[in-house]
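Trainee: Got chain R; can you put chain G on it based on the hints?
Number of protein chains: 2
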Amino acid sequence: MAPTPLLLLLLLALTLVSAAVHPLDPLTAAEITSAINVIRASPLNSSASLAFHYVGLDEPPKPAVLAWPRSAPPRRAFVIARAGRATHELRVDLGNGAGRVLSDTVRHGSSFPTFTPDEQDAASVLPFQYPPFAASVARRGIPLSDVLCTTFSAGWFGRAERWAGRRVIVVQCFVAAGTANFYARPVEGVTAVVDLDAMEIVEYEDRVDPPVPKAEGTDYRAAAQRPPFGPENKPVTVVQSEGRGFEVDGHMIRWANWEFHLSFDPRAGSVISLASIKDSEEGTFRLVLYRGHVSELFVPYMDPSAEWYFKTFFDAGEFGFGLSTAPLEPFTDCPANAEFLDVDVSSGDGSPVRIPNAICLFERYAGDVAWRHTEFGFPGEMITEVRPEVSLVVRWAAVVGNYDYVIDWEFKTSGSIKIGVALSGILEVKGTYYAHADELSGDAHGSLVARNTLGVYHDHFFTFRLDLDVDGANNSFVKSRMKPVRAAGGPRRSYWTVEKETARTESVGQVELGSTTELMVVNPNKKTRIGNEVGYRIISLGGAATSLLDDDDYPQRRARYTKKQVWVTPYDEAEKWAAGLYADESRGDDNLAAWSQRNREIENRDIVLWYTVGIHHLPCQEDFPVMPLLTGGFELRPTNFFESNPLIRRRPNKPATRLHCSLH
Amino acid sequence: MAPTPLLLLLLLALTLVSAAVHPLDPLTAAEITSAINVIRASPLNSSASLAFHYVGLDEPPKPAVLAWPRSAPPRRAFVIARAGRATHELRVDLGNGAGRVLSDTVRHGSSFPTFTPDEQDAASVLPFQYPPFAASVARRGIPLSDVLCTTFSAGWFGRAERWAGRRVIVVQCFVAAGTANFYARPVEGVTAVVDLDAMEIVEYEDRVDPPVPKAEGTDYRAAAQRPPFGPENKPVTVVQSEGRGFEVDGHMIRWANWEFHLSFDPRAGSVISLASIKDSEEGTFRLVLYRGHVSELFVPYMDPSAEWYFKTFFDAGEFGFGLSTAPLEPFTDCPANAEFLDVDVSSGDGSPVRIPNAICLFERYAGDVAWRHTEFGFPGEMITEVRPEVSLVVRWAAVVGNYDYVIDWEFKTSGSIKIGVALSGILEVKGTYYAHADELSGDAHGSLVARNTLGVYHDHFFTFRLDLDVDGANNSFVKSRMKPVRAAGGPRRSYWTVEKETARTESVGQVELGSTTELMVVNPNKKTRIGNEVGYRIISLGGAATSLLDDDDYPQRRARYTKKQVWVTPYDEAEKWAAGLYADESRGDDNLAAWSQRNREIENRDIVLWYTVGIHHLPCQEDFPVMPLLTGGFELRPTNFFESNPLIRRRPNKPATRLHCSLH
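Residue numbers (the UniProt record's numbering), protein chains in the order written: chain R, 1 to 664; chain G, 1 to 664.
I should point out that these hints are in silico values taken from the structure, not numbers from a laboratory.
It cannot be assumed that every hint is accurate.
For chains that are exact copies, the list does not tell them apart, and a pair is met inside one copy or across any two.
[To be verified] When the alpha-carbon atoms are kept at most 20 Å apart in a straight line, the in silico EDC-like pairs for lysine to aspartate or glutamate are as follows: (1) Lys234 <-> Glu339; (2) Lys527 <-> Glu439; (3) Lys500 <-> Asp438; (4) Lys483 <-> Glu512; (5) Lys563 <-> Asp550; (6) Lys527 <-> Asp590.
Looking at chain R on its own, in the form it has when it is part of the complex:
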């Protein structure tokens, strides 16, 4: 039968719709459903325990993405499912109506995927059906109804013989009555270990019972506060009299001289792709960052006791950093001029879940300048030229249990990209007998932040994967060292000069940050008119700690890459997660440091830069009950990328006047 005109029109419409889908767009709720339906229709569905731990886009190969919109690669889902104590990596074709499972790779051993929220919820209530737990709580004189529990990853500590390849999680509990602060009142000393596949408690210990800290002073809700109230300030609002300056076109964002693709991944959170800046001289967009996102967040605590030694979290690989998204609150999390985007993720049973306001975009004006100069040198004349700094911020926040993390990607018209990490939320505290600092003896492994409350020492290592493609795929990594030189003769006796080293292999690309070396990613195949290699340099903006754990310690083997802030690897589509695809109970054999041991060539190739923002955290009383923002980050700054400062030719906005505003 020949196609009817209507059918042809329908096919055309479908083609147009599919052309509008960018190859890097995250899965829609419909696509999630479609992928799950395909798997549900496969033999795998016969497993009673089938659960979906990761449902995301199967990222198309780079050439296919770069060929878009001339051609569109097939839409595919990548799914990690757990069934019958095995892990399945599934690739599912989503195209052309009837999808199909393209591949199903089965992983045994310790290839444990991120936890699903559902199984964590299920594990958290197990103690309430476990009689010894009721006894522990009763012995402490706490009503059982006041108690809630939550989960902590158990890590890997060479205890294969004990739990024999079982996927386990630790459950610990808190007195949640009388406060909104879930974590402030630990039932310290009680630890249950749950086999997640069997969903049963396999180990239980009630070891010590220091007092439960009081509820007083732990609540952070406005409604719970009593006088004397804290400082107040007059409201300050951002107003854009001509509206927003950015455009959201599907997942493409365009603003000033930038355009980029904004996506979301259940494991990584916000993902920036194809970030390109318009060269106003050339009139073309030049690629800077092919893809950038959080790859892992390693948070080890520094207390070796039975209840704490295992607290060495991999927040992306174990909990799903994207799955931990906290909806952003308009007017407080993001300013009045922000636009909010929702995202769709999958729950453990495969049904799509929408997270509202998961990402916000706004133009930031902090009152700062982009550049300025006042010239006093011309007689009888003072010249002043100033341009205010307005940037575009992409904000996303994740709350992994107690901690709140805010990740900002800030795009500047100068060509800089600033990546900011901010910490807030609640300390992970330990119940203690100590009520006063004078009582502390020996190593308490933390600071006393309230009576009977220790803020345990810990670190945060945010590792970003940055597939920089500076003006093209093939780049090199250059270290410029400032070298002191003894001056020969002359009044001046010393100065410094610069020694450049281009990293030929991965071992040279591993760098511990210091103030005397500048790090750059250059494109050796593109030069400015006066012959400098075009590039971007990497500047630390605070948070340059590295791990202090011993190399042979189990968590450090799993996060070996945290001993250097910078690693450079050749692009490999399989290398996305710094702590390995399966971080939970990982053995350290599939991570950034392990990959790099091959010492591959990285000069004039498609390379990936890994940057870790590290923070050692010694808690103090101000961090309690919710800590004020602590920030770190870094800047990718154009360095001989442009022929000159690209902002000089930016025409200033019309002379500003004071706005008259009212609340309608």
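Mentor: Relative to chain R, chain G alone:
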């Protein structure tokens, strides 16, 4: 005669007026005039060459300041004058109508004060009356009328025998035609040395003559730009619907939970004193910072050639950082909600000069949060509490020749004080034969930023003097080192703990920053209820470079303190200027490092913390013709100063709504 009632009333009124003057208020224009008149009436006036290099407040002793307003110390001026090749330090009483010179200390040798703008102007035109200069310019084919000259401090390079205690300055020249960029087109190779007291050229050299860089691409004025124009963005304005939240009461500033005194010094620029934060629990203000300001800015260039070796500037001590103030431009340098303050300084002849809009104050809202938490732990309930971050910024900018520096003091309701330094303005460039990077050979001492234009390598070291009085005058300096520990037994093999060291003497207070040591100033006499010493810690926010010059090099001897970022000294009112009171041609015998060699006791005393923000600058093409802002700074963050996070009890503003605004 008994006083009449009218006279009594008048006396009372005068007393009230004088009580309103804070002891730390800067000299008014009337007081400057009064001080100069007193000196003009003294025998010193007979010197034909009398010039005034510093006219400022003679800072009263701390006890007298702290006794205010119960009693007011006498108003006194401190004046540094130059007369007959000698330097005079004068203290002038300004009180009760007829002032008088209280003391006149004469300094000979190399006690050379900051240059006056007048004498620099005079020196800058000397070449035009010097025939060899006209010849040099003519030989280069440049019309003399296109040329302008300016001054550079000559430094001290052990050449006492050559210039024999004469106060000299270097004059170099630029082709200023065809551009507003004074510095972009050096007449490289021509150097004149001027004796400032004699005001005559004492040395002249015309050594090399590389091409003068072209004017094209050097102008930064909006009016001079031609298409294609750079990126544009929609306007963003800050609006405060209920008005500003801060109060300017004379020189006292009150905002939210902060109050402080804001002053200005011709050498230091903006000065913050008596910064105190209200403890809402106690209902009282607690002192944090008795006085803080820029003490010195050392900027050494890294080119040992004849025209460049001496370029090792001490911007505060040689040029007067405050005297270099650039008036801030409303709506661009500071946002629409800013308030501007003028300052009064003295010119070389003693007449007062008003600098308009020298300082601005504004409430900053960058769209960020102060703290947040989302709690997913309570079944069936999601709790979200977020407080936006609004802070108060005190901004001041100085332009020392080519460079623009923006100094921000940012006060946060959390108790933090962030000190930000930002660099913009114009690179000091060197004319060169090189037109392309491929031609570079040997050590060029800089980067090629445009044809025939080298951006010479250099550093910026901003040294702040911070007389912290955390909750009282007597403080200690504590270093908390994170020390790796091998775990005994147990699954965990390692962790870190904290070793605290209280600095007993100055040598222990000298610290090179690192990520494994936290630095704190504590008050060992005040503790929180749970027994922690109240304190503030110091956190680097970028810019942690130290000097790489050799210890025996002349500029490094003068700025020896730049090898460590942190120094702690016992309070001494004579120790204000890190490079010494007389920095120009100093010998390194009166500076922070020299004072500290006494290794005085600093434990539980009134101490001063010196913090240096250091930036190594390898110029790139984007820095030309005006560089985009480069920032560094540090944070003073309360650490066990409060019993808990002081922002928790801050009531949120009324729910925000979108404002409707118009331009009237």
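Trainee: Which numbered hints turn out to be false for this structure?
Mentor: 6
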